[in-house]
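There are 2 protein chains.
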Amino acid sequence: MQSNHISLKNIKINDPFWNNVCELVRREVIPYQYEALHDRVEGAEKSYCIENFVKAGRVVKALKNGESVPVYPVDKWQYTDENCDENAFHGWVFQDSDAYKWLEAVGYSLINHPDAELEKKAKEVVAVICDAQLENGYLDTLYIINDRSKVFTNLRDFHELYCFGHLAESAVSFYNATGDRRLLDAACRFADLICDTFGKDKKRGYGGHEIAEMALVRLYEQTGEQRYLDTAEFLVNERGRRPYYFDAEHGVNSKGEAYHYNQAHRPVIKQDEAVGHAVRGVYLYSGMADIAKYKNDAEIYTACKNIWSNIVNKKLYITGGIGATVDGEAFSFNYDLPNDLAYSETCASIGLIFFARRMAELNAVSDYGDVAERALYNTVLAGMSEDGKRFFYVNPLEVNPEASHKDSRKRHIKPVRQKWFACACCPPNLARLISSVGEYAFSENESTFFVHQYIGAAVQSRFGRIDIASDYTQSGKVKITAKAPVNLALRIPSWCSDYSISAPFTAKDGYAYLDGVTDVEISFDCKPKLVRCSNRVRANIGKAAVTKGAFVYCAESVDNGENLQMLTLDKNTAFEQDGEFLLADGWREEAQNALYSDFTETPKTPCKIKLHPYYRWGNRGENEMTVYLPVN
Amino acid sequence: MQSNHISLKNIKINDPFWNNVCELVRREVIPYQYEALHDRVEGAEKSYCIENFVKAGRVVKALKNGESVPVYPVDKWQYTDENCDENAFHGWVFQDSDAYKWLEAVGYSLINHPDAELEKKAKEVVAVICDAQLENGYLDTLYIINDRSKVFTNLRDFHELYCFGHLAESAVSFYNATGDRRLLDAACRFADLICDTFGKDKKRGYGGHEIAEMALVRLYEQTGEQRYLDTAEFLVNERGRRPYYFDAEHGVNSKGEAYHYNQAHRPVIKQDEAVGHAVRGVYLYSGMADIAKYKNDAEIYTACKNIWSNIVNKKLYITGGIGATVDGEAFSFNYDLPNDLAYSETCASIGLIFFARRMAELNAVSDYGDVAERALYNTVLAGMSEDGKRFFYVNPLEVNPEASHKDSRKRHIKPVRQKWFACACCPPNLARLISSVGEYAFSENESTFFVHQYIGAAVQSRFGRIDIASDYTQSGKVKITAKAPVNLALRIPSWCSDYSISAPFTAKDGYAYLDGVTDVEISFDCKPKLVRCSNRVRANIGKAAVTKGAFVYCAESVDNGENLQMLTLDKNTAFEQDGEFLLADGWREEAQNALYSDFTETPKTPCKIKLHPYYRWGNRGENEMTVYLPVN
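These protein sequence lines are chains A and B, in that order.
Going left to right, the first sequence walks through residues 1 to 632 as our numbering numbers them.
Going left to right, the second sequence walks through residues 1 to 632 as our numbering numbers them.
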């Protein structure tokens, strides 16, 4: 059953778990990132983001005044003091997007929590951005500063359409929060230029890093401008067609093998496996789902379902992580889910949630919400430290700090969160997702109000006010109260086999449907349990993970001693709650000093294995961590 | 107890197992490599080896005639038609060594199996090599062809001392086989130049890729020339001293971190961990053991023992492989022994055998022979296909062909042996080791004849003729017959707890000492068994390997079906011999289609697991292989 998400303006989060997370983003992440964008964080790599907008603004002004403007090369991914002129663009080619992601998060945050000072700062940033826009609507500081003549000549690598996408997303957010149209107008002007530039009888290109597709749809949702939707459809459908646009753009004639990375190896309707750069992938798939919805395109919808199925059945970590290999930050082959080499980028799980929301709105099947929940409560939340000041880009399921330090194959596996990244996609992406989490929780159609995620909130639905009081993350209890009788569709989480709903319901596709209720109490029994991974995944043979409700748990050596691999879980374990920890029964093997010896049962002593929610790991200094433990 | 190895001239191999292997090398590998050196193997990468000697010979002639000779850059590791002049040196910087390794193997082979035609071919190659030597004794075709003025200016990277080392080794072998002094004289002239060039008050350099150390000792053993031994000692002791020679050579001032790769990060007497490029490492350690022996150097001997202990207790695969990481083809950190990412280069195991032989001769402790045996019967033999025509460079303990094809992290893991390598160190290294295997089997001192490896042979010892009739690899039975009563020291393999010796003996350090015997029968019970790896090694938790005598076994999917990870060995398994295979009891799990599900015991059906000696794997097309299996 199709539905539409609900504007954040109509959702006021009030949840014992999420209030804290959102407040952390509001009080720590957003101000920290504001400083980072302005290169004022001591010891962090410079962003150059705002500086680039200021430089571009100067160029725009000079051009308006008919002054001559220098030209610098646009020939690399990252521009530094070492490799370019001080007046040229600095940072990564996609650096503009950081400001947009920050503004998008600020917009969401302001909706839920008005803050005049923050709004003032944001408006200053908006002004700097708007000043950097060329008269024709073009807005990408790399090309504006370095070489106006080269715009749209390297779509494969240089992220103009990507930056546009983030501009559009932030513009919608910021407009809805503040009513300030400036950024929305700027986004529309750039969108108009893109619509004028790309299309069947125009430039047949598409971005190397997808997002413009879903961003144009978002602008369409906001403005009703049909050409935005049509251009999004063009970008989706043109992708991967022959002759390859990226070939033509780069003067080569390839078989397209390298374009798996960009999901441009074949037309999207012929894609049925998630491949290439994982973030790019899920951003594309989200855009495809948008087109499937608004263009009622059955072929694209089928491709979305096939790709979804491939991800969740063959390429998904138990933590909701995707992208098993560091090489290309990419999806690996089916069932290749190594724990200690995982890439599992925070942004990729965020993108997976985007994709899941769209699929759930196309058809309310609980699988979508289940996977979004897995990603949200585990990999996404793990991306941020408990003080909101440090971030994981990569989210492994097993870490041995010695290996991270000494093994080049694990250089990407950081045993502690990092302060900031010059390539800072994850922290601001986290901020915008968390600040808009309500949008992923609820949807509605003409007849029904859907609860996909049990996040406490007061929602102004088309059926009137609906209050969700949620203790989902602790006791599993949720209470929903509506002003007037309402039809509800409530996702039954796949982890829960034992639940009660205080009103009659019928179950379909993993949702409980209730007719005309005003008060309903739901209780999901979230007792801890052992979960196994398919034996098609080589890394997890003989092992199990522990979950409780939405949370995956892990063992850390700070709680369990070093050499976590010497622990074994008792398959019949009871669980004991110990504050935020779980205690499980198991054994610790005696260390075997002989490298090789005749096989005998290894002596082991019973022990309590102390388990921590995965999202909280790594907050107590460098230490070993593992999600999976041998089970016996 | 110290001893000396016995010249191959005095060892005639006659062994049901080794006759075949040696014949394979003689009939297949040596002729194949002869063609490869001459670039006459269709479809194989070009070697350019002989071509370089011919080119260098022309340069030498031109120089003698006072003609001018062009100069080409010496600035890269590999010279191809694409990156250099057709008249310049071609191939890798160490390409000369392939001819030397081939000649060394030929020499050994001729000793055991005279072959006039092969000798003729070898003498032609020798002539080509000798013609390429400069008047001052210098002999390295890269510099002779490209730029005579630059010799010995990049010891770190460009392998002149390495090529010299192989020249010296081949010269000794070839001289002993044929009595032809030409190559020996050439090696001595080059050695003389090296002795004149390097030393305390001369150039304080040493090779980036070790071997010159042990090669100079070998020349010393052959010629008695003291300065060869002294220069070897200098090269050993100068290594890693500050200021770093490699720093000075390259005009940098480093902390020496990068020199771990070359074992030049600190003086050798301060080294106690095997680090860096594994082949280089064991070549150095072999040279150190030589110096410990001939210079009676206690500090170096202690370093050797420490490094040995580190390798065998913390960095050795059950197959005798070393070098766990592809990055730098290097030793990884302690206990980091991944099965599916192993490098475990064939050459590294060969070098480990060199090191082990020297250590066993310094002090007869069975550990050395045990490890040499592990390396020899598993990794080294696995390096060659059963037809002698294809070779493994890398010897993983677990292979999933899909991963090799699709996962960049496993690009080095080849699921089938390759024809030839442009960087062809392994095949000729294999040929020379196998052709000289007798040298690793026996040694003697004034009182005792040592049997380190039970290889059937007739040995002309200082105590007269000793015959070893060996069925060690099959039944574990060996019979030793001496013309006159002799004191024997027989290694008791560590895998064997149940053995009988037909004469009285005393056991010490893993050797059985017998006094004044003429006939002795030995029986080692080589029943198959399960072996476990220390639980400090994360990759092998919950798993076991199967061994029988010296051989490690593995499972291949051609025998056991795909998804080998779904097999479990029964910890109480009986074993059944089935031709060359072993059948073990176990189970195959039902494939679990759900990626994640509540933990329950996985349904499994009893099955026979068919196991193959590791060295024979991969001879039946691409397929999965694993040495370790889950055990329950």
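The set of hints was computed from the structure by calculation and includes no laboratory data.
Where hints are given, some of them may not hold.
For chains that are exact copies, the list does not tell them apart, and a pair is met inside one copy or across any two.
To be verified - Here are the computed lysine-lysine pairs in the DSS-like style, where the Cα-Cα straight-line distance is at most 27 Å:
1. LYS270 / LYS406
2. LYS571 / LYS64
3. LYS548 / LYS46
4. LYS150 / LYS483
5. LYS604 / LYS529
6. LYS314 / LYS406
7. LYS121 / LYS46
8. LYS414 / LYS314
9. LYS200 / LYS477
10. LYS610 / LYS46
11. LYS12 / LYS120
12. LYS604 / LYS571
13. LYS508 / LYS203
14. LYS76 / LYS305
In this text, all values refer to a predicted model and were calculated from it rather than measured experimentally.
Consistency of the hints with the structure:
In this assembly of identical chains, the alpha carbons of LYS270 and LYS406 lie at most 27 Å apart only when taken from different copies (20 Å versus 42 Å within one copy). In this assembly of identical chains, the alpha carbons of LYS571 and LYS64 never lie at most 27 Å apart, being 72 Å within a copy and 81 Å across copies at closest. Proximity of LYS548 and LYS46 under a CA criterion of 27 Å is satisfied in neither setting, with 40 Å inside one chain copy and 60 Å between copies. Taking identical chains as interchangeable, the C-alpha atoms of LYS150 and LYS483 are never at most 27 Å apart, the minima being 57 Å within one chain and 90 Å between chains.
Taking identical chains as interchangeable, the C-alpha atoms of LYS604 and LYS529 lie at most 27 Å apart whether they share a chain (23 Å) or sit on different chains (22 Å). Taking the closest pair of Cα atoms, LYS314 and LYS406 come within 27 Å of each other only across two copies (15 Å); inside a single copy the shortest separation is 30 Å, beyond that limit. When the C-alpha separation of LYS121 and LYS46 is checked against a cutoff of 27 Å, the pair qualifies only within one copy, where the shortest distance is 20 Å, while the shortest distance between copies is 65 Å. Taking CA atoms no more than 27 Å apart as the test, LYS414 paired with LYS314 passes in both settings, with 25 Å inside one copy and 24 Å between copies.
Proximity of LYS200 to LYS477 under the C-alpha cut-off of 27 Å is found in neither arrangement, the shortest distances being 53 Å within a copy and 81 Å between copies. Taking the closest pair of Cα atoms, LYS610 and LYS46 never come within 27 Å of each other, the shortest separation being 39 Å inside a single copy and 58 Å across copies. With identical chains, the CA atoms of LYS12 and LYS120 are at most 27 Å apart within one copy only, with a shortest distance of 22 Å there and 92 Å across copies. In this homomeric assembly, LYS604 and LYS571 come within 27 Å of each other (Cα to Cα) both inside a single copy, at 15 Å, and across copies, at 17 Å.
Taking CA atoms no more than 27 Å apart as the test, LYS508 paired with LYS203 passes in neither setting, with 45 Å inside one copy and 83 Å between copies. For a Cα distance limit of 27 Å, the shortest separation of LYS76 from LYS305 qualifies neither inside one copy, at 36 Å, nor across copies, at 51 Å.
In this structure, the earlier hints numbered 2, 3, 4, 9, 10, 13 and 14 are contradicted, and the remaining ones agree with it.
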